[in-house]
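Asker: Each chain, written out:
Number of protein chains: 2
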Amino acid sequence: MSRFWSKATLRCEPYVPGEQLNQPGIIKLNTNENPYPPSPAVVRAIEKEAANSLNLYPSPTADQLKKRIADLHGLKKEQVFVGNGSDEVLAFSFMAFFDPDKTIRFPDISYSFYPVYARLFNIPFETVPLQEDFTIPKEAFFQSQGGVIFPNPNAPTSIYLELDFIEEIAAQNPHQVVIIDEAYIDFASESAVRLVQDYENILVIQTMSKSKSLAGLRVGYALGNEDLISGLTRIKDSFNSYTLDRLAIAGAEAAFQATDYYADMTEKVKTTREWTISALNQRGFTVLPSQTNFIFTTHETIPAEELYERLKESGILIRYFNKPRIENYVRITIGTDEEMQQLFHQLDQIIK
Amino acid sequence: MSRFWSKATLRCEPYVPGEQLNQPGIIKLNTNENPYPPSPAVVRAIEKEAANSLNLYPSPTADQLKKRIADLHGLKKEQVFVGNGSDEVLAFSFMAFFDPDKTIRFPDISYSFYPVYARLFNIPFETVPLQEDFTIPKEAFFQSQGGVIFPNPNAPTSIYLELDFIEEIAAQNPHQVVIIDEAYIDFASESAVRLVQDYENILVIQTMSKSKSLAGLRVGYALGNEDLISGLTRIKDSFNSYTLDRLAIAGAEAAFQATDYYADMTEKVKTTREWTISALNQRGFTVLPSQTNFIFTTHETIPAEELYERLKESGILIRYFNKPRIENYVRITIGTDEEMQQLFHQLDQIIK
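Chain order of the listed sequences is A and B. Sequential numbering of the first sequence, starting at 1, is according to full-length UniProt numbering. Sequential numbering of the second sequence, starting at 1, is according to full-length UniProt numbering.
Read the hints as simulated data drawn from the structure, not as lab findings. Even for Gly, the Cβ is constructed at its ideal location relative to N, Cα and C.
Stretch-level coverage of chain B by chain A, calculated; a stretch enters the list once three of its residues show a Cβ under 8 Å from a Cβ in chain A: (1) 35-41; (2) 85-94; (3) 116-123; (4) 204-214.
Model the full assembly from the supplied sequences, consistent with the hints where possible.
Answerer: Okay, structure coming up:
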């Protein structure tokens with residue numbers, strides 16, 4: 001506390017990201033990073049850019065990158081916004097579309113950054129309880145006062161919501177923005193991007209941190225109708241002209257060209273996910289149906305917190321949220337096959 | 001305009017950065033970039049980091065980089081905040097220390113992003129007219145209601161304010177934060193950082209974009225007492241956990257070690273600045289006393305706008321602000337000796 005702090009500084013309750021222990025030998029299954037490196041073409045593009053023009057500002061509009069993303073999704077460049085990770089894109093979206101006099105809605109179990117943004121920007125919110133099976137009750141999101149936001153697939157539950165549900169939610173909120181946070185969509189079935197042309201109130205947010213193996217580069221983006229995108233651009237241009245540095249722009253452009261590389265890698269993660277789920281089931285775990293690069297699971301006898309602590313002691317980091325309804329679940333990122341085998345080696349010690 | 005925009009989106013008036021024409025052969029003297037490349041050690045550090053761990057999130061605290069900056073300034077790590085360019089650090093500072101019910105003050109001729117931030121965050125402001133000679137009238141900054149911000153040296157005037165003036169302004173605003181935006185300080189005499197230990201309300205903001213030749217990398221930082229820094233950290237951690245990517249952190253760390261390289265480069269820019277000023281004086285220009293890597297100048301007969309337009313036609317970009325009091329001035333970045341010779345070659349055509 002300080003007498004110099006603004007009301008916003010006093011009011012906010014900062015987000016706490018997953019532990020970033022950089023001890024050698026640790027197995028990091030706690031922040032949903034991809035265990036595989038980005039395409040070699042990304043590294044080459046960054047190296048080339050580093051040797052060239054770092055003394056000059058980046059493009060404030062990053063038009064070339066926007067064009068590439070637009071082409072991949074059958075959209076126009078004016079329907080794409082890019083930012084410094086999807087967290088920044090989310091922050092700008094809260095500023096651009098939500099207001100302090102209108103209550104927004106999100107699930108009670110969801111990305112825990114949403115209430116943090118809401119408090120920072122003084123936006124009232126109500127949380128909608130997920131159903132018993134942790135699925136999203138769509139009707140509860142109809143006729144919101146100020147807007148709706150949820151991840152799809154949801155985090156940390158890993159559960160995917162079908163697009164016809166999302167379509168209904170958008171139709172039932174015709175005057176509010178409905179934000180679909182698709183951080184994990186490449187590990188799931190279809191993206192809501194195809195609804196963007198029909199629903200001018202749907203904003204889809206994606207990231208390169210997970211499926212593109214670029215958590216260290218900080219690139220996220222939003223897709224939506226031109227009015228929504230120009231709203232985001234107004235906020236960004238009132239905040240920081242150049243949110244993406246030259247290296248991030250160059251690396252991101254290269255990643256979007258390496259489609260075969262990333263398709264193979266995503267398949268690999270999904271294959272590992274499937275055998276991991278079977279192996280967990282065999283050991284008395286219940287696993288929620290995952291369409292992400294992580295799984296959310298609970299064991300029939302060992303408490304989740306104990307699992308988290310004991311795995312940590314043996315050098316394996318997973319994520320435990322000490323929160324109502326999910327206090328007996330852990331979130332485990334899908335690593336390489338080898339890392340998962342080491343996980344099971346340790347789990348077998350703990351369970352026996 | 002869109003019915004989905006928030007009040008903030010409707011209210012804001014985005015900043016317009018200098019033109020980023022990427023035509024080959026153009027001479028860019030319009031955005032105060034450094035004409036020289038960063039230290040080769042910076043490029044090597046980035047290349048090394050790019051080949052290593054881009055799939056993992058960066059350090060959310062960037063402690064190692066903060067420690068290095070702290071050591072350079074004789075401060076503790078807890079007195080340093082780092083961000084995605086000094087523009088982001090400024091935006092966070094407006095959020096962290098200024099409030100919608102208290103009027104802040106900045107000069108009428110100054111960095112034109114300040115009113116943009118103020119409008120975005122709904123912070124009332126009053127502008128203090130610079131004196132006839134474009135210097136800052138210190139008494140006018142005493143007893144502000146909500147806080148004070150100004151660049152030192154000021155931009156676009158290039159004029160440096162002595163530290164005893166700043167000390168008085170800080171002493172006369174004991175309950176408000178006084179932000180000194182030192183984007184150009186390495187081309188000037190002493191930084192206000194040495195006041196930070198004595199004045200808990202002084203926040204100094206610096207950037208790597210100018211004197212470190214890293215405009216393309218987006219790294220800025222703030223120096224102040226621990227309470228101010230923890231206020232900034234609260235805001236940042238409520239906005240985006242990882243504002244600096246791995247490459248920016250690695251490059252910035254390397255740059256702060258290459259002290260000899262950057263000392264030589266800064267001397268070179270200052271030497272070019274001095275002969276440029278003399279050469280302009282000889283041609284009927286009046287040049288304000290510059291302690292920056294740019295000069296602010298007016299010609300006795302040729303209108304500033306005409307100078308800007310005619311130089312642009314010949315492939316030389318300078319900056320022209322069509323604003324009261326400075327509508328007959330242009331801002332010219334100090335380029336290489338060769339670039340400045342080409343500038344004079346063109347100026348001689350225009351003036352003759």
